[in-house]
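So for the sequence shown, our numbering puts the first residue at 1; every next one is plus one.
Please keep in mind that the hints were generated in silico from the structure rather than gathered at the bench. It is possible that some hints are incorrect.
Claimed, not checked - Distance condition first, Cα-Cα at most 25 Å in a straight line; then the derived PhoX-like pairs of lysine-lysine:
#1 K166 / K332
#2 K163 / K173
#3 K332 / K98
#4 K163 / K332
#5 K163 / K98
#6 K98 / K166
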Amino acid sequence: MPRAPRRPSVSARPPRDNPVTRLVLRARRAWDRPLTAYYLILGGSLLITVLGLVMVYSASQVTALQMALPGSYFFRKQFLAASIGAVLMLVAARMPVKLHRALAYPMLAGSVFLMALVQVPGIGMSVNGNQNWIALGGSFQIQPSELGKLALVLWGADLIARKQEKRLLTQWKHMLVPLVPVAFMLLGLIMLGGDMGTAIILTAILFGLLWLAGAPTRLFVGVLSIAVMIGVFLIKTSPNRMDRLACIGATDLGPEGTCWQAVHGIYALASGGFFGSGLGASVEKWGQLPESHTDFIFAVTGEELGLVGTLSVLALFAALGYAGIRVAGRTKDPFVRYAAGGVTTWITMQTVINIGAVLGLLPIAGVPLPLFSYGGSALLPTMFAIGLLIAFAREEPGARAALARRQPRFGRKRAGGAVLTRGPRRWNTMRRRASAARSSGER
Numbered sequence: 001m002p003r004a005p006r007r008p009s010v011s012a013r014p015p016r017d018n019p020v021t022r023l024v025l026r027a028r029r030a031w032d033r034p035l036t037a038y039y040l041i042l043g044g045s046l047l048i049t050v051l052g053l054v055m056v057y058s059a060s061q062v063t064a065l066q067m068a069l070p071g072s073y074f075f076r077k078q079f080l081a082a083s084i085g086a087v088l089m090l091v092a093a094r095m096p097v098k099l100h101r102a103l104a105y106p107m108l109a110g111s112v113f114l115m116a117l118v119q120v121p122g123i124g125m126s127v128n129g130n131q132n133w134i135a136l137g138g139s140f141q142i143q144p145s146e147l148g149k150l151a152l153v154l155w156g157a158d159l160i161a162r163k164q165e166k167r168l169l170t171q172w173k174h175m176l177v178p179l180v181p182v183a184f185m186l187l188g189l190i191m192l193g194g195d196m197g198t199a200i201i202l203t204a205i206l207f208g209l210l211w212l213a214g215a216p217t218r219l220f221v222g223v224l225s226i227a228v229m230i231g232v233f234l235i236k237t238s239p240n241r242m243d244r245l246a247c248i249g250a251t252d253l254g255p256e257g258t259c260w261q262a263v264h265g266i267y268a269l270a271s272g273g274f275f276g277s278g279l280g281a282s283v284e285k286w287g288q289l290p291e292s293h294t295d296f297i298f299a300v301t302g303e304e305l306g307l308v309g310t311l312s313v314l315a316l317f318a319a320l321g322y323a324g325i326r327v328a329g330r331t332k333d334p335f336v337r338y339a340a341g342g343v344t345t346w347i348t349m350q351t352v353i354n355i356g357a358v359l360g361l362l363p364i365a366g367v368p369l370p371l372f373s374y375g376g377s378a379l380l381p382t383m384f385a386i387g388l389l390i391a392f393a394r395e396e397p398g399a400r401a402a403l404a405r406r407q408p409r410f411g412r413k414r415a416g417g418a419v420l421t422r423g424p425r426r427w428n429t430m431r432r433r434a435s436a437a438r439s440s441g442e443r
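All chains should be built: construct the whole structure from the sequences, respecting the hints.
Next comes the structure, spelled out in structure tokens:
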């Protein structure tokens with residue numbers, strides 16, 4: 001007697017799709033798309049800039065009124081700088097890589113000239129004890145050291161790329177010369193004005209370029225040791241820098257109020273709570289927190305927008321940093337790799353130094369939050385650097401083809417390189433579908 005077929009066991013059934021697994025797979029596919037870095041850089045930088053404009057307007061009103069200026073004074077200047085920076089970003093994003101490399105040496109020479117001009121009496125001006133500004137007339141001034149960051153990135157990337165093409169990076173002297181001497185010259189010009197915060201960022205850019213170039217560990221440690229010894233000497237010989245170092249993690253104002261800014265920054269963050277006190281409702285900006293719209297704008301953001309607002313800002317900067325690393329890692333062009341890595345190191349390190357000082361984890365270095373704090377001299381070179389990243393992201397494998405495949409939805413359509421003009425739009429209604437199904441002789 002034939003046996004009845006056995007029923008499949010429960011364990012033999014195909015497993016059901018896990019929603020978490022599907023979500024992870026979708027996220028991976030989204031991250032692996034050719035235009036992911038392009039959209040992250042463009043969207044993230046624009047969101048940071050727009051949110052920064054809002055916070056500059058909120059944080060600077062009291063300061064402007066205390067100076068007998070209109071409440072929107074600083075916002076108008078920042079909006080003008082952001083508009084000019086948007087044009088620079090668009091120009092940089094559309095420039096070919098060869099033109100960026102051609103700008104490296106003129107930009108380096110121009111920044112060195114301007115940084116030397118700062119030390120000329122009658123031309124350079126001092127702000128908060130640092131001699132690193134040039135007055136342009138009226139209320140406008142520039143800080144040439146901000147241009148020096150961009151110049152070092154472009155020139156250093158071009159220099160290392162040329163040496164790699166000639167296979168000279170295997171020799172330590174070609175790895176160091178002339179990159180390290182020129183970087184130390186820029187650092188010397190900056191430290192003549194007393195701006196140690198910008199000097200730290202420039203040093204980070206130098207080490208980022210050396211690391212990307214594959215510097216040996218011994219060489220890397222040697223240059224780092226020299227930089228640390230110089231930094232310790234400069235800190236030890238300056239009472240102001242020693243006071244800033246002593247304010248790390250401070251919860252007390254100190255005997256003479258030396259930690260006033262650091263402590264009130266913590267007060268602002270602590271009073272914000274989860275959702276903040278509301279936009280424009282900060283208490284610390286009413287004269288208690290110095291530099292509330294520049295170096296400590298992140299503290300005002302935490303007070304008004306709360307933990308949600310600060311984490312959103314951090315997420316945007318993290319996305320920007322990830323996109324920069326991805327661009328540097330996927331390209332085959334040495335210059336693009338070094339330039340993208342240098343810009344990413346610059347923006348990431350400046351963000352860490354600024355936010356770390358506000359949180360009391362690092363000494364106050366006096367550097368602005370990129371794209372967010374008030375200051376046109378810092379905003380313009382940074383937006384040009386963002387344009388560099390956008391231009392490099394467009395050159396990613398598959399990105400240019402993906403951009404070429406995009407077609408406008410309305411108006412005109414591309415077909416085989418020719419531009420076709422559409423006629424009037426025909427809506428696909430039920431009546432039209434029924435009419436199309438009839439035979440030609442039916443009425």
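Hints, one by one, checked against the model:
For the hint linking K166 to K332, the alpha-carbon distance of about 16 Å falls within 25 Å, and the restraint holds. Taken as a hint, the K163 and K173 pair is honoured in the structure, with Cα atoms around 11 Å apart against an allowance of 25 Å. At roughly 15 Å between alpha-carbon atoms, K332 and K98 fall within 25 Å of each other, so this suggested pair holds. A threshold of 25 Å between alpha carbons decides the hint, and for K163 with K332 the separation of about 15 Å falls inside it, so the pair holds.
Between K163 and K98, the direct Cα distance comes to roughly 16 Å. Compliance with the 25 Å bound is thereby established for this hinted pair. With a CA separation close to 18 Å, the supplied pair K98 and K166 stays within the 25 Å bound.
Hint check: no violations occur; every hint is consistent with the structure.
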